[in-house]
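*Asks:* Chains as they are written, first to last, in this note's numbering: chain L, 1 to 330; chain Y, 1 to 278.
Rather than coming from a laboratory, the hints here were simulated on the basis of the structure.
Mixed in with the good hints, there may be bad ones.
[What the hints assert, rightly or not] FRET-style restraints, in silico, Cβ to Cβ:
{"#": "1", "chain 1": "L", "residue 1": "G328", "chain 2": "Y", "residue 2": "S38", "range": "26 to 34 Å"}
{"#": "2", "chain 1": "Y", "residue 1": "L101", "chain 2": "L", "residue 2": "D260", "range": "54 to 62 Å"}
{"#": "3", "chain 1": "L", "residue 1": "G91", "chain 2": "Y", "residue 2": "T244", "range": "16 to 24 Å"}
Here the structure is a predicted model, which is why all the values come from computation and not from measurement.
Beta carbons: idealized from backbone N, C-alpha and C, even for Gly.
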Amino acid sequence: MLWACQGEKPVGRTDEVTLTLGAYTVPKEVYQKEIIPAFQKYWLEKTGQSVKFEESYIASGAQSRAIAAGFEADIAALSLEQDVERLRENGLITHAWKSRKHNGFVTRSVVVIAYRAGNPKNIKDWTDLAREGISVLYPSPKTSGGAMWDVNAIYGAGLKLSQVEKGYQDSEFAKQLLKSIQKNVKVMDKSGRASVTTFENGVGDAIVTYENEVLLRQMHGRKMPYVIPSATILIENPIALIDQNVDKHQNREVTKAFIDFVFLPESQRAFARYGFRPVDKTIAEEFLQKFPVPPYLFDINYLGGWSGVSEDIFGPDGAWTRVIEELGRD
Amino acid sequence: MTNKAFFRLNISKGDLILRSLSLFYIGLLIILPIIAISSEAFQGGLDSLWKNITTAQAVYSLKLTFFVAFLMGILNIITGTATAWVLTKYNFPLKNLMNALIDLPFAIPTVVTGIMLVALYGPKSLIGSLLGRHGIEIIYNKPGIVLALLFVSFPFVVRTVQPVLHEMDRDMEEAAKTLGAKPLTIFRRIVLPTLTPAILTGAALSFSRAIGEFGSIAIVSGNIPFKTQVASVYIYGELESYNTQGALGVSVALLFSSFIILILLNRLQVWSCKHETR
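Chain L extracted, bound-state conformation (with noise of 0.2 Å):
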């Protein structure tokens, strides 16, 4: 009966239509506020039909999990690029994502130190941070991807700077300086969101956290000054249409049109609004004030990918995991 009457519709041409947005909690805000307000709006003009949406902000990897586990989540708008991986491996996502232009990612940020007020310790960049008696935030690489962020733009600026200075990427200075830099870590929270409320709970001299994060915090008038490292690395965030779950939903038209719509200038502003360095180029000219690009910024391809991360980094002999041993043995 029931595959009968829907035979007699076109399919996906009904008054109301549900998206489900599977997303990591940061942006939370802009979605709920801005872009998906903007799309409906758009597409009711556009087709006459009400788009309906279910939304889930959870941790970016706990978000993927929850998806590859069964959650029918049409959109992944997650933190990082392997929580999506994982669902195309998954077989959830069956396109090439990251074909896409600007390679699938919707949102930019780079890694920066916020500090109090007043700058009372005089910090300016990573050598300060492993100054002694400097206590500094930054989560738990093992729970946060935004962790992860932090390290990798740790590591990285080492192996950057040591290559402007020397000539070469030394990867012993970029471990030392990581090794210094934990050693005043103060607490490893479970996420970022976590560790800057510690740090707004008068814990620490500095945190080590996305400029999105500040922007967010400044934007509902906190002080957070914060300063661009010289050396810092590129966050890029994915979005992707899952297939699966838009064969399952039949709303493949109107999942398409969102993930288009998040890259249009409009929603680009509005993500650069709310602290996200928009992709578009135009729209980053437009606002390169509120996001200079500093002299030694690197990606995570500098650092060989995620998979040379998690082996050069965090893997079993990885910088990281040598440091809190070597740490631990001290």
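Chain L is fixed; fit chain Y onto it per the hints.
*Replies:* For chain Y alone, kept in the frame of chain L given last:
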């Protein structure tokens, strides 16, 4: 078959049903999950299980877990017994309210406990900043972990000791008193032996509760490997970073060592029960 025998069989039938039902229940709720965890952990073979348990970080976290749980157990025995004593032996205003407050830690989500302790003793709080000036750290250090454990396990010893104290025969105490025994002697020779089984039960309960505690510790400990990272938080980290085998290995180590400690405490309790009746 005589009528009598049939009757007896009838009773044991009901008995049998009750017994197998409760065994089935224990099996379903406790044994099955434990078997599932263990068999998963053993999947890579004994060698890899051992390797997972004996990584330097895992060993440290296990040691720290048992250390803080043990410390908390000792403190709980003293404060819990004292609290139960005060609540049964003395009358004071608002006693009923106090009595009701004892169970409150069980009703509070442990994450909230963590947040509350940070607000109270954190570096920005009045107490925390005062202590911090003297170089004493509570939150984001080991004392914070013990404090969180004391809070979440507070009711156990109080609630196991209280009824025993309540039911206790005062005659013996009175007799000892008439015979000239000093209060401390009475407590040590008469009261304490009666209370010991209950105290041990309470201690065992709070100990096992402490070993598994996660929510509050994740917030107050600071989670620095080789410093303040306990086993439950280590396990969580390994799970989140896709090292399921590493997490399960440490879980099994935690499970079995707690099991052994609980059996030992049980033995001790049985022994002290016998000791008392003699």
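*Asks:* Give a verdict on every hint.
*Replies:* Each hint tested on the structure:
1. L:G328 / Y:S38: 26 to 34 Å: holds, 28 Å
2. Y:L101 / L:D260: 54 to 62 Å: holds, 58 Å
3. L:G91 / Y:T244: 16 to 24 Å: holds, 20 Å
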